[in-house]
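Listed below are the residues making up each chain.
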Amino acid sequence: FHRLFILLVHAHFISKMAAVQDGQVDLEVEKKEIKTETSNDGSGNNNANSSSPGSTSLGATSKSPTGPAEDQQTLLAVLQFLKRNKLNESVDILRREAGLSVEIDDSPGSASGGAGSGGASNSTVDGGDTNSLLSRVSIAIPAAPAVTAAPVPPKGLDQPDVNVVLSAYSQQGDPDLYPLYYNGLKKFIESVLDCHRAELSQVFYPLFVHMYLELVYNNHEVEAKQFFEKFSGDQECYYAEDLRILSGMTKKEHMKGNETMLDFRTSKFVLRISRDSYQLLKRHLQERQNNQIWNIIQEHLYIDIFDGMPRSKSQIDAMSGSLAGEAKRDANKTKVFYGLLKEPEIEVPLDDEDEEAENEEGKPKKKKPKKDSMGSKSKKQDPNAPQQTRIPLPELKDSDKLDKIMNMKEAAKKIRLGSDNLPSICFYTFLNAYQGLTAVDITDDSSLIAGGFADSTVRVWSVTPKKLRRVKSAADLSNIDKESDDVLERIMDEKTASESKILYGHSGPVYGISFSPDRNYLLSSSEDGTVRLWSLQTFTCLVGYKGHNYPVWDTQFSPYGYYFVSGGHDRVARLWATDHYQPLRMFAGHLADVTCTRFHPNSNYVATGSADRTIRLWDVLNGNCVRILTGHKGPIHSLAFSPNGKFMASGATDGRVLLWDIGHGLMIGELKGHTDTIYALRFSRDGEILASGSMDNTVKLWDTLKAFDDVELDDFTAATGHIHLPENSQELLLGSYTTKSTPVIHLHFTRRNLLLAAGAYNP
Amino acid sequence: MQCVVTHDSNICPTTAMAEERRPKQCTVVLPTESMKAMAESIGVGQLQEESCAALSEEVSYRIKEIAQDALKFMHHGKRRKLMTSDIDHALKIKNVEPLYGFQSQEFIPFRFASGGGRELHFYEEKEVDLSDIINTPLPRVPLDVSLKAHWLSIEGVQPAIPENPPPAPKEQQKAESTEPLKAVKPGQEEEGSIQKGQGATSAEAKGKKEGLIRMKPRSTHELSVEQQLYYKEITEACVGSCEAKRAEALQSIATDPGLYQMLPRFSTFISEGVRVNVVQNNLALLIYLMRMVKALMDNPTLYLEKYLHELIPAVVTCIVSKQLCLRPDVDNHWALRDFAARLMAQSCKTFSTTTNNIQSRITKTFTKSWLDEKTQWTTRYGCIAGLSELGPDVIKTLIIPRLTIEGARIKAVIEGPVVSNIDKIGADHVQSLLLKHCASVIAKTRPLPDNMEQYRVDYGYLGPMLCSHVVKARAQAALQAQQVNRTTLTITQPRSTLTVSQSGIGGSVGSRTPSIIKVPSSLTLMSTRPGTPTQPSPPATKYIVMATSAGASSTQQVITLSSSSASSVTSTVASAASTLQPLVKLESGGGGSLGGSRPLQKYIVVSLPSSASSSLESKSGMLPPSSSSLEAGMKMERSDSPGASTQSPH
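Protein chains in written order, with the UniProt record's numbering: chain R, 1 to 763; chain H, 1 to 650.
So here's chain H without its partners, still in its complex pose:
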């Protein structure tokens, strides 16, 4: 009997799993067919049915016994996961030879599949392309065990440091903001961390003892000296001139778990900052502030719901403001609009509820100002960008029906008498924006064939261009589908990572709806001017274009544009869901136009945050005064800031 056990016990983990899933079921027995198959595999044919039944019962019993012993080893190993080594040890104490060579890096080497009414467990045997293996860089060398000390508590109060979990978990912040009366604090006090722990705990204990109805404690937003210093440092770094410092500060905002206390200050800082800098047309500062918003949203420990009334107007301002920079003909304020639109879409997705209706309010606002005849091209661009980021449904219902009208308007500007250069550029941008967003949606919804004439009939002036874009998008989608198929086959099980930071938690970014894939031709957003890269080290600049596929995995297209030659190389890299975050790239293009030899900075937003639909919290800050016009280019952002090409925190 023992030999049978050794023979089969590679099914142990499966049984153990099954057993844990259904602890109540008392008679789980292996099917007799397995016994037959097993017997045949070792050359015993024609096993009788009774023998099979007896065997399967015996084997099931032994396997259960071994699994129960293995659990013991798991408990003593201070783990929650049963590992193959536990099974080995359990076999060993039963005096059975362990399964040598049965090691797996993953905890369960089996995959489960069901279909056609059958359920089966199988070994995953991936087909591996050798060149992939050869070309992938070597993995990081595993680090040795090390010891790290931190304060879990200081005189009864848990300090808010990255090593500790956030003082107020996100769910709780959410609960507090959505259902303020029900908020109950487990364990310790979070708000008013300055109070002595003892006072609070004893008060709490008393409260419980006397069964009093606990009032929601008044929040005190006093900041400790350290927090004040931190706030000062962070805000200065965020809007200062040193790009490296800024990156650090943003990283800190995006990951630090102890910011809950300072959130109101940050949100006021941002909203005030936008208010002032829009008036002054300070594009650079607006971009910095938007990056702060982004960082706050990325912080997995913060729940911004309470502060949306300040943040949303600021963001919307950056999308639709008539003028964001001093020289609208030269500066790339379009990128800021795109970026802010993405932020807007992301916050709609995260915070929109039936109570606050953010999404529908935002949508209404955008639509209203878009429909206005007198709206300027810049605002028009912002509205369209804001709407289209909200997802294909919005594009389909709101944008596509207006393509004809919009096309006519564009045509009037481009082909008509030259009114002003600014209008022309604006129209140009709106056109490419519309083409970009609509093409993918049309490619999805419109049946083939793509007839140029038919398009013209349907969409007017933009029709023919749209048609060619749609054709491209279709081709790309087909390519994508292949890649998607390939990537979804690889089931990536995240290996235990060693970093203590929580940056990887992609809670805020959910699944993304398919949007268009940017092909090199649509990279008009980026520098159109030939530029000499200021950084000598990378010969080619890499743009990472986030394309999407449904579900967890996506592909990133890395488009390498070497600045010397026009050739571009694309390659696809599979990435996990957690990397689905917008990427802001500051690309320094050459441009001797203003500062002589000093290159100009360009902000190129290349990747897309999740898109969804939208609405607006308050209109007050939405349309800021746009009076200040073409004043002298004093505030032009130069590349004195050293980090010429830096990524947003990630």
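Next up, chain R with everything else stripped away, as it sits in the complex:
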């Protein structure tokens, strides 16, 4: 992970050498942004997000809403960095552009506008901790003393860093006493009152891991093994995966390369414990003079103490399971504008209800800032919605308007679903796929279906009688009468009409696939580390977005098009715009692979699920992590937002679907029933029904209306996040439909609420 950054830094140095003349300052800025994000997310102090939507200045070029002071600090940091590197020219340019004399800049707008000379690829410096940022920068400097110097191999930088991290383990006690310490604590916790026991038991796992790592680090291999064997059985079953990785590490040398454990070290394991329980533990440890354990708790654990009743075992179990413990309470305090954007006015006679009902999950229609003010006053702005212009969205084209009208007409014929009116399911089976189908997507109007395959191909099928045609070649196009009415029809080459097309270009399995809302483009992400943009007019590849150097597990278009998000093995999710070859935002903070990425229906947020068993919600505007949701016990493989933007559902390898309230950042439901990984989740167009598709060959339908109704959120639970989950999976399950031998890997509700499912027959 660190090596990646260093590589990035390294790459930037090189490109800067080339581009220094052009004053491409944004490169540096971007680099720093990456750094800050990691340092911030690790410790969770996202203090930067003070920007209220009203005060944001959204110029055409800039999206950074950070306050003036922070901007200035950032700039100063950049300047200092440039000076040290004797990049005087760049310094001058930056100063000039930012209008920044030595001390003060004139206005935030111009400052950020200036800094963002790179246009939309501008950075999102959240400016959290400028000092740490500076120190980071200066760490990098000795590695590259002069810009002209030969690049230092990244390894060289990597090692000291790791050693710093690990050296915290060097404090050591007598290895033989470790089991005694642990046992002593175990006995104590078993003897305390029931109400405290559950809470204090949380300490076992992180303590166990750190004690084991300490033993390993100090070369007590035999003791470490004994320790592991003796106590690994006590740990909660959902940690089994991590324990397996841990069990493999028996030598100090192993620790250096192992990213999982590095994360365990660098990020403090978060526990939530009530004050009473914590006092109990503290008193016990101090009485016994048990410094070894006390030191670990102090150094490696973050105990989030709350006042009030201790939580019950089930409450704790519901929330735990992530790689780094629960989310801190203050990590989920930021306000999230989960409301939907206003629909644009389109001259189609439609009453409000249809309009309302029409917002769809996943891919709502294109909208644009309203042009005619007619009737706009009748519609109230959702108080929870972000400002219409919070992030710039693409203009609505004529074709989009047509599509939207179509959509409204379709929506009028929509079936109202409910527990007594279940949707019909049409299943698209991929035959002869030889276990090679890795991703599926269906367009919003359900006319096209695309599959990504392990043999690196992407295939697009038309599921309507309309065949797929290519645009004619340039030579032929020049012969066409451009004034004719059916010019759009004439540009298509009839000879190429076929039911499916194959797109070649990737060099590894295609793991993620997404249609653009206007059906003109297709995105695919692959093991080869690239995301590719394909044109569905010419059926050729337009762009290969490089940035993830490792497999890219998922990608998705924004519901408004133009933006897209990708996430992969490098643990970073990236936000891109189709016309920029570099990412606009990097969402770093996950401790393991980013396995799935989803846009919020209002396009202002991105949700990512990860193999570290957490879900994070990121603000597209400033790149901040605004929610960390824990509770899954396995890597998360599917996410879905409810059409109203208020709720989210997530599915993981543990076979459970969890429901989340985004506004409060709370888990509000748990749907048990699947027995294998859930690869597909989708809300119906009105959000009454959640469909889940799994590796266990079933599609299940859940009554989400009831699930959301059953949750009573009083102020206390909202504040503490200690929610009692009702055990009602069986009541919420409306239907379960088994396929013959076809894992379900994609689900889609048509505009009329017919459920489409897809998967490859796997005999």
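Hint data in this document are derived by calculation from the structure and do not stem from the laboratory.
No residue lacks a Cβ here, since even glycine has one placed at the ideal position from N, Cα and C.
You can trust all of the hints, since none of them are fake.
Chain R residues, not near chain H, derived (Cβ > 12 Å throughout):
| id | residue |
| --- | --- |
| 1 | Val91 |
| 2 | Gly184 |
| 3 | Leu280 |
| 4 | Gln298 |
| 5 | Leu301 |
| 6 | Met309 |
| 7 | Asn384 |
| 8 | Ala385 |
| 9 | Lys397 |
| 10 | Leu488 |
| 11 | Ile491 |
| 12 | Gln537 |
| 13 | Lys546 |
| 14 | Gly547 |
The calculated lysine-lysine pairs, modelled on DSBU-like cross-linking and capped at a C-alpha distance of 35 Å, are:
| id | chain 1 | residue 1 | chain 2 | residue 2 |
| --- | --- | --- | --- | --- |
| 15 | R | Lys467 | H | Lys148 |
| 16 | H | Lys81 | R | Lys256 |
| 17 | H | Lys148 | R | Lys495 |
| 18 | H | Lys148 | R | Lys404 |
| 19 | R | Lys672 | H | Lys81 |
| 20 | R | Lys546 | H | Lys92 |
| 21 | R | Lys413 | H | Lys148 |
Reference listing, derived: stretches of chain R covered by chain H, where coverage requires no fewer than 3 residues with Cβ under 8 Å from a Cβ of chain H:
| id | stretch |
| --- | --- |
| 22 | 423-434 |
| 23 | 458-467 |
Fit chain H to the given chain R structure using the hints.
Showing chain H alone in chain R's frame:
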């Protein structure tokens, strides 16, 4: 260190497997001997023990790491099987060169063997006969990916179509029939599929909520209009004159997963049909009905236990009825008896439990009527056929001790004064049947040498003939053993097939007990008359004789009898267990006896279903009135039915 990893990582899959099998074990380390061997293989001798230990630990750790990464790729590939490509990708993200050229069509290229206290994994390197490869036809061209849509659910109810799994899984049907009170329905309702899904689900939810004791819901056997139409079509096709349609209908019965609802109707249809047609001596229809029974049994989604009380009497009737056809001297009703006997044995094997005792009841019934002095030759034949299909144990304990008595009886008919032609033919058939079945069992049990005289002493009149049969059977068995050895060596791992139909699931047919191998000479069952084949295209008719070997694989003997010359060619084909199903062949023999130029149809049952032991459900339908005798040959089955030579569904 990295180079060591690349060097060894072809053992990765093995380790991964081992790791998944024993997730709890925390310290699985490669043996140091492997390190030594590995070092020697690259020219480093005398590696120190400590170095070996250190190396093996390091290598084990790296391999585990790679395997864990590979699992990630498996999950994202939406698979349950780890493939070699996953390992490649895992190596790639570790910046290690993947193992080029290490591809395998099978998921795990290793074979596991243990013996002599050693366990080892090895590459399977088969010895391949080049001529085999050259002579085998080219495999099917792999099909391209295609998309197929079907309804998984319509307004909350899953339609019973072949694309969907059967509405009531077989286990559940079984559970319902054996333990009716415990039957619990998971998910949706199966019976009474006409009900609205919502009503049922909400009722179900309510039932669960209130914690009521759920009564077993009364089954409603209403059929939808479509189902009624289907039933009509199928039954008409099954007993109609068009052979092609019949084949289709039988295929549908054998594979369609949605027949659960219609099962009671089918079973009544069959039992009534047999009752009527036995009286009328309509051999053809009886055969069609038996083929229906066969098809129902073959359907992997049906569990017939509930309907045996109707089916078994019908089948037994077809085995032991005094008269099954209008002209017992000409028509080959023997084949029907054989076929029905096989069906009986199969159902005994599948459904016999300690509660219903089918097998012992059937055995008793057969024995009783066989022992009866007055029993006619036809019934006698049926009883013996029924018993002998039940397996070698039954033959050994029940048939062989009676060989002497039976031989005397046969001798009386054949060598004595001519009583009637029919009796003579009957005796003839019984004789060959006894020889056929007993020879293989005797060959297995009786020690050498095969002395003609001794046989005569032991088995009476049949002794000498038996002796020669046994000698043949022994020779055949020896040949078989060789083939078995060869075939069991090839471990056939079924490749993923693409058909959606479930026809290949051989759940109903288990392992087969060894029975005799039919040699051309025993093909007397078939047409003895010289016949001119009606179909011009195949120059020779192929008979597939199922021979068996223990376990999964068996050999099929394809005996090609060219109708012009008497020469027969035999060749063996290895086949998987799933093909072990009886094969009914309709062979048109020439015969201008009745219909002038119209050839007569013959039914030749050539392959054997699994044999086991038996008993009888109800005696009522077992011995039908056999009064109707030699009436005019109106009902003679002609070859107006176009499919002159058709196979039963498969």
